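Q: Since the structure of chain E is provided, determine the placement of chain L on it from the hints.
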Amino acid sequence: MQLALNPAMIGCVPGNAALSELDDIESLDRVHRARILRFVSFSTGDPDLAETITQDCLLKAYNGRASFRGDCSVSTWLTHIAINLIRDHQRTRKFQFWRGVQKTAADVSEMSSLLPSHESSPESQLLSRERAAQVTAALDTLSVNQRSVFLMRFIEEMDVQEISQATGMQINTVKTHLHRAVKAVRLKVGGGAA
Amino acid sequence: MSRWGDNLYDRTRLPHGESDRRLSGHLTDEQFTDLLLGESSHSISEHLKVCAECREEAERVSGAIGSFERKSRLWAECETASRPRIQARRPAYVWLRPAPAWAVAAAAIALVFGLFFHTATGRIDRSSQPHPEIATTVPQPVAVDSTLQADNALLAAIDGELRIEDAPAATAYGLDLGARAVPSKPARKVLN
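Residue numbers (the numbering used here), protein chains in the order written: chain E, -3 to 190; chain L, 283 to 474.
FYI, nobody ran anything at the bench for these hints, they're computed from the structure.
The structure displayed is predicted, hence computed values, not measured ones.
We treat Cβ as the ideally placed atom computed from N, Cα and C, and that holds for glycine.
A couple of the hints might just be wrong.
Beyond 12 Å from chain E on every Cβ pair, some chain L residues (computed) [said to hold, decoys possible]: (1) Leu319; (2) Cys336; (3) Arg342; (4) Ser344; (5) Gly345; (6) Ser349; (7) Leu356; (8) Ala363; (9) Ala385; (10) Ala390; (11) Thr429; (12) Ala435; (13) Ile440; (14) Glu443.
These stretches of chain E come out as covered by chain L in the derived footprint (C-beta under 8 Å, 3 or more residues) [said to hold, decoys possible]: (15) 28 to 35; (16) 144 to 156; (17) 175 to 182.
Next up, chain L with everything else stripped away, as it sits in the complex:
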């Protein structure tokens, strides 16, 4: 077989050997790679103009890569669409930036102190004032001179009665109640 007539794809004789392609005059793997990379030299371009076999092979390989690119892109888009997207996993405290955090802390402290003082002053105020229920149900005593005199007279009468009743027993024990008799203490005047 002549040099130019050597079949590039006859891999039973020289399986994909580089020397085979060099001898055949077709593009080598390096030249073919440069062609696909778009870095083809002038000699490669000139060869493609005259060699339909290499031109057809280049179109076939680049077309296959293009088909692979489209298929794989479609596959990836379908896979991506069918799966949940990543959500931003923000921690619960992320909204507390440094400056607002100090502000929130200061506000919390102020709130605690405010509640404390409010409660404390409330207790003081309540302890200094009478309970409203007691104030309304317990009437204030009203002092009247005639009432006091009547009460004192009543107490004196009771004292007299007691002395009379206890006299026989006291005399039996040798006591003289009349000498120790102390009248009941008169009721004091209640001041408002």
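Bound-form chain E, shown alone:
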């Protein structure tokens, strides 16, 4: 799907660096694993499933590196693979089962709140954690597609065209998902004051 687009039009720069990056799976793992894990974890809400998908994603990229034509960045290509793997898991009964027990599973936001923060004061740390938890709670109300699009735009800092490229959605569809996601976040975070 992203291969059908003109690289010059979408701003993707093919290069030998990307190809050599894909040749070393350990380098691929070191550079991209944390990013993919975060994206999949908050898209699915299941850290264990995210670990499996991340592993599959990196192995799939490494094994299929010959098919990478450099039409986009390695990062975008990996995100595209991860999205396809998430969709595959969505179709399985296992994913449905884990969605059912998701409420009792360890929450990603709870784990993140245990981490040390670089905020200056305890009050700032508490406020930061509360806001992060509010965003997580807002994401829980969204569909997987809306969550993925939100994460790609605001966490992965991909632009709308890159998201369209990675997901195979039309740009207008991407924007619609973004509007709904921002509306949910605004409702959770922005509605707390005033």
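A: Below, chain L without anything else, positioned relative to chain E:
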């Protein structure tokens, strides 16, 4: 309540309704999204200059997303660091590239044939030569004329003795040993 004084966050009256925000004159969800996406128009910028409420809300939401980004990044980095990295799973035969594979196969065939021929020629050589142990323990016979003559004389004497001893029995059966007596075959000369 006047149009401008309508509370944007009074969700008991109009819960997060779009028309509520339009009527209030604050940023709509679409405008707010465009603002977060960095695609704000001139009218949005102008509104933020005069509306502290929308400005504060925008800062709060973008700050929350930033906090979420930092927390989630830290979490992912810790998760990644605590788990083993992917190792390249290369099959055992991967070092055998096509060209070296042919070379290795040719070398193996040559080695097998070499061993075969080496073993075969070794057997031929060994069969054509006397065993060294036998060659050293079995002395070669040495032929001497005097010895041969002595041996022949001894054999002739033995033949004579036998004829004398067997004569009475032979005559009892009516045989004449003297007419059939054949002297023992003399020993041949052994050549080296």
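Q: Now tell me if each hint is right for this structure.
A: Structure-based check of each hint:
Non-interface status of L/Leu319 relative to chain E is broken: a Cβ of that chain comes within 12 Å, the nearest being about 7 Å off. Separation of L/Cys336 from chain E is inadequate, the least Cβ-Cβ distance of about 9 Å not exceeding the 12 Å criterion. Remark: the non-interface label on L/Arg342 conflicts with the geometry, its nearest Cβ contact in chain E lying 6 Å away (cut-off 12 Å). Against the 12 Å criterion, L/Ser344 falls within the reach of chain E, whose nearest CB is about 9 Å from its own CB.
Some Cβ of chain E comes within 12 Å of the Cβ of L/Gly345; the nearest lies about 6 Å off, and the non-interface call is violated. With a least beta-carbon separation of about 4 Å from chain E, L/Ser349 fails to lie farther than 12 Å from that chain, contradicting its non-interface assignment. For L/Leu356, the shortest C-beta to C-beta distance to chain E comes to about 5 Å, within the 12 Å cut-off, and the non-interface label is violated. Residue placement check: L/Ala363 does not keep its beta carbon more than 12 Å from all beta carbons of chain E (closest about 8 Å).
Non-interface call for L/Ala385 relative to chain E: holds, since the shortest CB-CB distance, roughly 25 Å, exceeds 12 Å. Every CB of chain E lies more than 12 Å from the CB of L/Ala390, the least distance being 31 Å, so the non-interface label holds. With a closest Cβ-Cβ approach of about 91 Å to chain E, L/Thr429 is found to remain outside the 12 Å limit, as its non-interface label requires. Listed as a non-interface residue, L/Ala435 keeps its Cβ farther than 12 Å from every Cβ of chain E; the least gap is roughly 100 Å.
L/Ile440, annotated as away from the interface, keeps every beta carbon of chain E farther than 12 Å; the closest lies near 98 Å. Residue-level check passed: L/Glu443 sits 103 Å from the nearest beta carbon of chain E, beyond 12 Å. Interface restraint, the segment 28 to 35 of chain E with chain L: holds (5 residues with C-beta to C-beta distance below 8 Å; minimum three). Look at the segment 144 to 156 of chain E against chain L: 4 of its residues bring a Cβ nearer than 8 Å to a Cβ of that chain, three or more, so the hint holds.
Coverage of the segment 175 to 182 of chain E by chain L holds. Counting CB-CB distances below 8 Å, 5 residues qualify, and the rule asks for three or more.
When held up to the earlier numbered hints, the structure conflicts with 1, 2, 3, 4, 5, 6, 7 and 8 and fits the remainder.
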